[in-house]
Amino acid sequence: MSRRRHSDENDGGQPHKRRKTSDANETEDHLESLICKVGEKSACSLESNLEGLAGVLEADLPNYKSKILRLLCTVARLLPEKLTIYTTLVGLLNARNYNFGGEFVEAMIRQLKESLKANNYNEAVYLVRFLSDLVNCHVIAAPSMVAMFENFVSVTQEEDVPQVRRDWYVYAFLSSLPWVGKELYEKKDAEMDRIFANTESYLKRRQKTHVPMLQVWTAEKPHPQEEYLDCLWAQIQKLKKDRWQERHILRPYLAFDSILCEALQHNLPPFTPPPHTEDSVYPMPRVIFRMFDYTDDPEGPVMPGSHSVERFVIEENLHCIIKSHWKERKTCAAQLVSYPGKNKIPLNYHIVEVIFAELFQLPAPPHIDVMYTTLLIELCKLQPGSLPQVLAQATEMLYMRLDTMNTTCVDRFINWFSHHLSNFQFRWSWEDWSDCLTQDPESPKPKFVREVLEKCMRLSYHQRILDIVPPTFSALCPANPTCIYKYGDESSSK
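When you line the sequence shown up against full-length UniProt numbering, it's residues 1 to 494, in that order.
It is possible that part of the hints are untrue.
Result set (EDC-like, lysine to aspartate or glutamate): computed pairs, CA atoms no more than 16 Å apart in a straight line [unchecked claim]:
#, residue 1, residue 2
1, K327, E358
2, K241, E278
3, K240, E299
4, K113, E123
5, K241, E158
6, K447, E378
7, K445, D411
No lab work stands behind these hints, which were simulated from the structure alone.
Work the whole structure out from these sequences, hints included.
Written out as structure tokens, the structure is:
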């Protein structure tokens with residue numbers, strides 16, 4: 001017969017309960033780590049890692065289903081650069097557990113509605129793109145995805161709503177097509193042609209009075225600064241003409257085609273875009289920043305043309321990496337230089353162009369200016385043999401085009417360049433810019449050099465500036481600052 005007191009039983013239960021909770025937390029943390037790190041550098045292939053992770057998650061579904069659902073929905077929203085990796089993972093889980101696949105699709109639709117309601121339109125774009133790529137993984141039936149896109153484009157027929165609302169729904173549709181356009185056209189070509197016709201009709205009639213205010217340069221040469229929807233439409237039209245063949249998106253699900261094609265698919269629930277309200281705040285229109293083309297790097301891999309969909313995909317992924325990691329400059333730089341497929345493209349040129357695109361974005365950059373300075377410094381440290389040369393080439397191009405540059409962007413250029421020089425011993429081949437010495441002192445180039453030297457002096461001291469520039473630049477050098485000591489003057493006057 002047990003002689004243990006009642007209170008002992010209660011006391012004995014507490015440590016056991018704590019241990020159980022602790023074990024559960026450890027398992028959840030382990031699952032989070034596995035999901036977040038899949039696709040990173042590993043000794044095993046991506047395909048074997050995905051297959052192994054799918055097995056682990058399937059085994060943990062009975063006890064941790066809600067946690068796994070929440071994690072997968074979160075990475076779909078916050079790690080869009082690894083989109084196809086996670087859609088493949090969801091496809092493998094759906095093939096093993098049909099009910100889980102259905103619950104995941106429902107959770108994604110719920111999250112999409114919440115994002116739209118909360119005006120999180122950038123995240124909503126990633127969710128739409130994720131859902132569309134699930135068609136490739138045989139999780140979502142193509143006809144239901146086409147029906148959703150039809151509802152998206154029908155927003156262009158709404159009256160008394162801001163143009164930016166219509167723009168966003170068209171952008172969400174068009175920006176998903178590099179991933180899923182081929183599959184949708186194979187299954188529902190007539191419906192897709194109808195959506196395309198409605199999209200084209202809208203793009204022809206929309207107003208573009210905002211474009212001159214958002215352009216970094218007023219001149220259209222050497223690279224036109226196109227409105228973002230016009231540029232994306234041209235890229236998608238070219239992709240369609242090329243029979244939807246693109247060569248840059250990582251598609252790990254192709255390795256599992258025999259497994260995924262056997263899986264049962266889910267239909268998306270009917271999705272009606274939420275109505276416009278007074279509280280709705282839509283993303284602002286943009287102009288696509290262009291700085292380089294294939295002629296700028298004749299020795300390396302060829303840079304895709306401005307209307308190539310590969311250019312859109314690369315830039316979109318690089319922007320996503322910066323958005324995900326901008327608070328940690330070292331991590332951000334490391335993620336950028338380890339971009340998948342980097343050997344097939346002139347990656348440094350793409351990185352520099354994307355960073356300057358954000359820095360010069362009007363009316364305001366996505367992040368604080370100094371972040372871009374520190375990120376470029378970190379990139380120069382990581383790639384000392386190649387990136388500084390590309391950055392110097394870009395700086396030279398920006399200098400040559402100062403005459404037609406937006407004055408706000410010129411100010412940002414001055415701030416970035418002076419800060420950058422201060423981190424590299426103020427080394428620069430100033431003789432190459434001696435053309436500014438013969439120009440009107442109030443013209444853009446001499447003013448730029450004068451203001452850069454003034455900023456450099458604030459980050460250093462007057463004599464140092466005199467030492468770093470040739471004597472011929474003395475007219476543009478700042479005056480030696482004199483200190484006025486109020487009390488010293490008073491004592492000397494007596």
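Going down the list of hints, with the structure as the test:
1. K327 - E358: holds (15 Å)
2. K241 - E278: Distance ~40 Å between K241 and E278 Cα, so the pair is violated.
3. K240 - E299: This hinted pair is violated, its Cα atoms lying about 30 Å apart.
4. K113 - E123: Measuring from Cα to Cα gives roughly 11 Å; hence the hint holds.
5. K241 - E158: violated (30 Å)
6. K447 - E378: violated (29 Å)
7. K445 - D411: holds (12 Å)
Violated hints, listed in ascending order, are 2, 3, 5, 6; each of the other numbered hints is respected by the structure.
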